[in-house]
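Visitor: Working from the sequences, and respecting the hints, build out all of it.
For the protein sequence lines, the chains are A and B, in the order given.
The first sequence begins at 1 in the numbering used here and counts up by one.
The second sequence begins at 1 in the numbering used here and counts up by one.
Just so you know, the hints here were simulated from the structure itself, not pulled from any lab data.
For each residue, glycine too, the CB sits at the ideal point set by N, CA and C.
One or more of the hints may lead you astray.
Stated by the list, open to error - Capping the alpha-carbon separation at 30 Å, the derived lysine-lysine pairs in DSS-like fashion look like this:
| no. | chain 1 | residue 1 | chain 2 | residue 2 |
| --- | --- | --- | --- | --- |
| 1 | B | 221 | B | 102 |
| 2 | A | 262 | A | 101 |
| 3 | B | 59 | A | 13 |
| 4 | B | 104 | A | 10 |
| 5 | B | 102 | A | 10 |
| 6 | A | 10 | B | 221 |
| 7 | A | 10 | A | 262 |
| 8 | B | 101 | A | 13 |
Claimed, not checked - Derived coverage of chain B by chain A (criterion: at least 3 residues anywhere in the stretch with Cβ under 8 Å from a Cβ of chain A; other residues may be distant):
| no. | stretch |
| --- | --- |
| 9 | 36 to 50 |
| 10 | 115 to 121 |
| 11 | 277 to 291 |
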Amino acid sequence: MTTTPFSIGKLFKYTILIVLALFFLMPIYVMLITSLKPFDEVSLATMWDLPSTLDFSSYVEAFEKLGPNFANSFYLAIPATILSALLGAMNGYVLSKWRFKGSETIFTLILFGMFIPYQSILIPMIQFLREVGLYNSIWGLILVHVVYGIPVTTLMFRNFYANIPDEMIESARIDGAGFIGIFRHIILPLSITGFVVVAIWQFTNIWNEFLFAVTITQSDQQPVMVALQNLSGSQIVQWNVQMAGALIAALPTLLVYIILGKYFVRGLLAGSVKG
Amino acid sequence: MEKRKKKKRSKDQWTAIAFLMPSVVLLFIFVYGFIGWTGYVSFSNWNSLVPDFSFAGLKNYLYLFGDFRFQADLRNMLFFTLLFIALIILLGLSLAVLIDKKIKGESIFRNIFFFPMALSFVVTGVVWQWILNPSTGINNFLKTFGIEPMWYTDTNILAGFRWGEIEFGLPVAIISVVIAAVWQLTGFALAMYLAGLRGIPDELREAARMDGASELRIYRKIILPQLRPITAAVIIMMAHISLKIFDLIYAMTGPGANFVTDMPGVYMFETTFRGNYYAQGAAIAIIMLLVVAIFIVPYLWNNRRADK
Numbered sequence: 001m002t003t004t005p006f007s008i009g010k011l012f013k014y015t016i017l018i019v020l021a022l023f024f025l026m027p028i029y030v031m032l033i034t035s036l037k038p039f040d041e042v043s044l045a046t047m048w049d050l051p052s053t054l055d056f057s058s059y060v061e062a063f064e065k066l067g068p069n070f071a072n073s074f075y076l077a078i079p080a081t082i083l084s085a086l087l088g089a090m091n092g093y094v095l096s097k098w099r100f101k102g103s104e105t106i107f108t109l110i111l112f113g114m115f116i117p118y119q120s121i122l123i124p125m126i127q128f129l130r131e132v133g134l135y136n137s138i139w140g141l142i143l144v145h146v147v148y149g150i151p152v153t154t155l156m157f158r159n160f161y162a163n164i165p166d167e168m169i170e171s172a173r174i175d176g177a178g179f180i181g182i183f184r185h186i187i188l189p190l191s192i193t194g195f196v197v198v199a200i201w202q203f204t205n206i207w208n209e210f211l212f213a214v215t216i217t218q219s220d221q222q223p224v225m226v227a228l229q230n231l232s233g234s235q236i237v238q239w240n241v242q243m244a245g246a247l248i249a250a251l252p253t254l255l256v257y258i259i260l261g262k263y264f265v266r267g268l269l270a271g272s273v274k275g
Numbered sequence: 001m002e003k004r005k006k007k008k009r010s011k012d013q014w015t016a017i018a019f020l021m022p023s024v025v026l027l028f029i030f031v032y033g034f035i036g037w038t039g040y041v042s043f044s045n046w047n048s049l050v051p052d053f054s055f056a057g058l059k060n061y062l063y064l065f066g067d068f069r070f071q072a073d074l075r076n077m078l079f080f081t082l083l084f085i086a087l088i089i090l091l092g093l094s095l096a097v098l099i100d101k102k103i104k105g106e107s108i109f110r111n112i113f114f115f116p117m118a119l120s121f122v123v124t125g126v127v128w129q130w131i132l133n134p135s136t137g138i139n140n141f142l143k144t145f146g147i148e149p150m151w152y153t154d155t156n157i158l159a160g161f162r163w164g165e166i167e168f169g170l171p172v173a174i175i176s177v178v179i180a181a182v183w184q185l186t187g188f189a190l191a192m193y194l195a196g197l198r199g200i201p202d203e204l205r206e207a208a209r210m211d212g213a214s215e216l217r218i219y220r221k222i223i224l225p226q227l228r229p230i231t232a233a234v235i236i237m238m239a240h241i242s243l244k245i246f247d248l249i250y251a252m253t254g255p256g257a258n259f260v261t262d263m264p265g266v267y268m269f270e271t272t273f274r275g276n277y278y279a280q281g282a283a284i285a286i287i288m289l290l291v292v293a294i295f296i297v298p299y300l301w302n303n304r305r306a307d308k
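Guide: Here it is, written out as structure tokens:
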């Protein structure tokens, strides 16, 4: 290939990439400038203009409204992430290193749970949660996210453990290590990256989830995404407050992405069934 | 000695199965059992606050298929899914090809296209509702070029003809929702295709180049066929998201005038939890599950066989 540094092709390529990059960044620009404007400046004519002065009052107001729900989301996402990751690691270990007759079928049946529209289990789920007294509670939501998180965490750990050579397990077995010993002394120490990938994936998904949150919890028990959606339900939509709220609600997962983006993408690849 | 090892092994095998059991039992109840229960509710008369499990036959399903709103939902779901997946694949693949060729600032570009995936559909909905609001948003900018689309408030149906209760065709308002969804999830296809492209050995391209094949031909004859399993995975992952979509619509547009942006997921939520038509909501949920299963079950089945 002989291309000069300033070929037309290159110019074309960068133009497309830059235009698309601007399109992808535009919503962030709009969110930032709108949230930093006082309410009377949020208007038709000045939507794209930078704010005349930096005004943080919408952040204060948004945080007053979303603060408790923001905390709820942490109480929800952290335990649910840890529990579903642990269950996934156990299942992935069994389904990759201790296969038995029918284990592939069981795995497929587990995996199907990842794809179902949750609407199809929602009515019995709410009846069940009412029955056991967990309806309208963070604990109820934790239970839901742990159970429906199992398929994807199992898939991720199974793919992850497939890369650990069987010979390692075999030789440990010859040395007399059993199922649990191998898990504790060989598999777990090798699983740190796996746990990081799965935890980031689960945390992001649980933090961002809306359907279970809006149907299972009410007012002061609601996670932040439901509270954010409720902001727009008020009489006059205060766009500056809403944009500030959206940024606050998005901040934890955005930060996780900015700091650990590499693992986020690995999770994405490990979590999609490949043919 | 041999016998003892075998005995130990089988004991460990049973421990392994015991470890798997909690998850199997949980999913058996919460996935399969609950789906069964939803199916049972969908054949009942429970259409008020008070549960009523008397048998209603197909009543709820027949009602839905004659219902203007549900017919509109099926139409919207079809066009949303087609447009959304086509655009995601087109954009994701083009960007992957552009980025794959060792460009300057690769990681910056990648991060710009990936970051919306870290956001919630609710956040995406809130932002795009503002941008595509016909009177406050991007139209202020487009006005200078003399175009002022109605975006998600447009009630026109493109190439529409009457079918059943509805006008069948592409609802213009759906395009706005597609834009927001594509913005959020193009990164997914891009990441998958990038991984796919990097998995193709360089020697393959080099050999073709030596044989005098043009770059375009190399892509058409060598690269694209190699990416086919990736495209299949992207379609499956995106289809199951788009067929059950709820939060993006709910946060961004709601059902819309004449239900131009409504989806089964939104209808199910509103009729069940706002209207207390539980049996009807259950019927919608079962129909959604069947539509998703048509795509997923053959795919999972093939993957399982390939594993052996």
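Visitor: For each hint, tell me whether it holds in the structure or not.
Guide: Right, here's what the structure says about each hint:
no. : hint             : verdict
1   : B:221 with B:102 : holds, 22 Å
2   : A:262 with A:101 : violated, 36 Å
3   : B:59 with A:13   : violated, 57 Å
4   : B:104 with A:10  : holds, 11 Å
5   : B:102 with A:10  : holds, 12 Å
6   : A:10 with B:221  : holds, 23 Å
7   : A:10 with A:262  : holds, 27 Å
8   : B:101 with A:13  : holds, 10 Å
9   : 36 to 50         : holds (count 3)
10  : 115 to 121       : holds (count 7)
11  : 277 to 291       : holds (count 8)
Of the numbered hints listed earlier, those contradicted by the structure are 2, 3.
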